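Got chain V; can you put chain F on it based on the hints?
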Amino acid sequence: KAGVTQTPRYLIKTRGQQVTLSCSPISGHRSVSWYQQTPGQGLQFLFEYFSETQRNKGNFPGRFSGRQFSNSRSEMNVSTLELGDSALYLCASRLRLARDTQYFGPGTRLTVL
Amino acid sequence: AQKVTQAQTEISVVEKEDVTLDCVYETRDTTYYLFWYKQPPSGELVFLIRRNSFDEQNEISGRYSWNFQKSTSSFNFTITASQVVDSAVYFCALSDPSVGSGNTGKLIFGQGTTLQVKP
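So the sequences go chain by chain: V and F. In this text, residue positions in the first sequence follow my numbering: the first is 508, and each later residue adds one. In this text, residue positions in the second sequence follow my numbering: the first is 4, and each later residue adds one.
Just chain F, with the same shape it has in the complex:
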């Protein structure tokens, strides 16, 4: 069965510290997509990144970086030099293969990690 596990429920850091959010997934499909979304207190899910299963290249975007490792079924997210504005709930998500087409809009979300960055 498809599943996403974010073992860290809450993380608290002091501003400027680096922090890594873990994501482990399970899927039977060979073609799939992984996502990270940020949910600030306003409630809207903000898209951060999408990675397909054939692209294991790490990605860096400003202070954000992502480490995708198929061998360990992990897609971890690191924030470098965290800031108070990074405080939010972060969700990792997996596309449901659904009949192998990959066309379904169904995302399977982890339970989320609440990140609190203190000044």
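So that you can see chain V by itself, here it is in the shape it has in the complex:
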């Protein structure tokens, strides 16, 4: 069974632009979560989607948003990019909500210049 896939793997943007990252969960998994990883803050939870609904949200500004489609694929969007948004963005999927293990994708490395 294929793992979690994320596209693109690398992205370079400039300040003020917006970006959309994509995540395809493991087949059959209905929950998708997003995390931001930076050297300074470590791994931080952004949000989780299940059945096209946002279930949980981390402590990030409104510039960070996401959505989930009926096939469980998810996208996250960051508007008005700032230098501090440079990070590895990791997506994770799990089967359901009930305490299932999350499996992570390879991440998208975003660099904001």
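The hints are simulated quantities; they were obtained by calculation from the structure and are not laboratory data. You may find that some hints are simply not true.
27 Å max Cα-Cα, derived DSS-like pairs, lysine-lysine [to be verified]: (1) V:K564 to F:K6; (2) V:K520 to V:K564; (3) F:K73 to F:K6; (4) F:K121 to F:K41; (5) V:K564 to F:K41; (6) F:K121 to F:K73.
Covered by chain F, according to a simulated footprint, are these stretches of chain V (three or more residues, beta-carbon under 8 Å) [said to hold, decoys possible]: (7) 517-527; (8) 588-599; (9) 610-618.
Treat the numbers as computed from the prediction; the structure is a model and nothing was measured. Backbone N, C-alpha and C define an ideal beta-carbon position, used for all residues, glycine too.
What follows is chain F alone, placed relative to chain V:
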């Protein structure tokens, strides 16, 4: 507040040495899950183990073993006879109880321990 502390920032060992990675957690919940993930240079977080708060039995998987002690809020990870391929960043994580349901996908991660295994 929920928190995970991995006090060891970097560990360097020579191949075949045993190494233990420490993890201490804080949580207000009585039902929670603890995890270990491995992050090789490629960046992907690889799931290693999940343990729930009611199961204090130690676990062994090949060269890997885990020691969960609720009394000290610790969930330590030991690699026996380390190999160069074990070089990676290792993260301990705690499920956020979030309203006590345990259903949240939010994991609280420690800062990670970078393990370097030299040949």
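*Given the proposed pairing of F:K121 with F:K73, does the C-alpha separation stay at or below 27 Å?*
Violated, at about 33 Å.
_Proximity test - 8 Å, beta-carbon atoms, the region 610-618 of chain V to chain F, at least three hits_ = Our answer is that it holds, as 6 residues pass the Cβ test (under 8 Å) against chain F, meeting three.
*Restraint status (C-alpha distance of V:K520 to V:K564 at most 27 Å)*: holds (25 Å)
*Decide if the proposed pair is consistent with the structure: V:K564 and F:K6, CA atoms, cutoff 27 Å inclusive.*
Holds, at roughly 18 Å.
*Count the residues of the region 588-599 of chain V whose CB lies closer than 8 Å to any CB of chain F, then report whether that count reaches three.*
holds (count 3)
*Can you take a look at whether the region 517-527 of chain V is actually covered by chain F? Rule is 3+ residues, C-beta closer than 8 Å.*
It is violated: at least three residues are needed, and the region 517-527 of chain V offers just 0 whose Cβ sits closer than 8 Å to chain F.
*Keeping to a limit of 27 Å between CA atoms, is the pair of F:K121 and F:K41 held or broken?*
Holds, because 18 Å separates the two Cα atoms, which is no more than 27 Å.
*Below or equal to 27 Å on CA atoms is what counts here, so check F:K73 against F:K6.*
holds (15 Å)
*Has the given pair, V:K564 with F:K41, been kept, meaning a C-alpha gap of at most 27 Å?*
Cα-Cα ~24 Å, so holds.
Checked against the numbered hints given earlier, the structure breaks hints 6 and 7 and satisfies all the rest.
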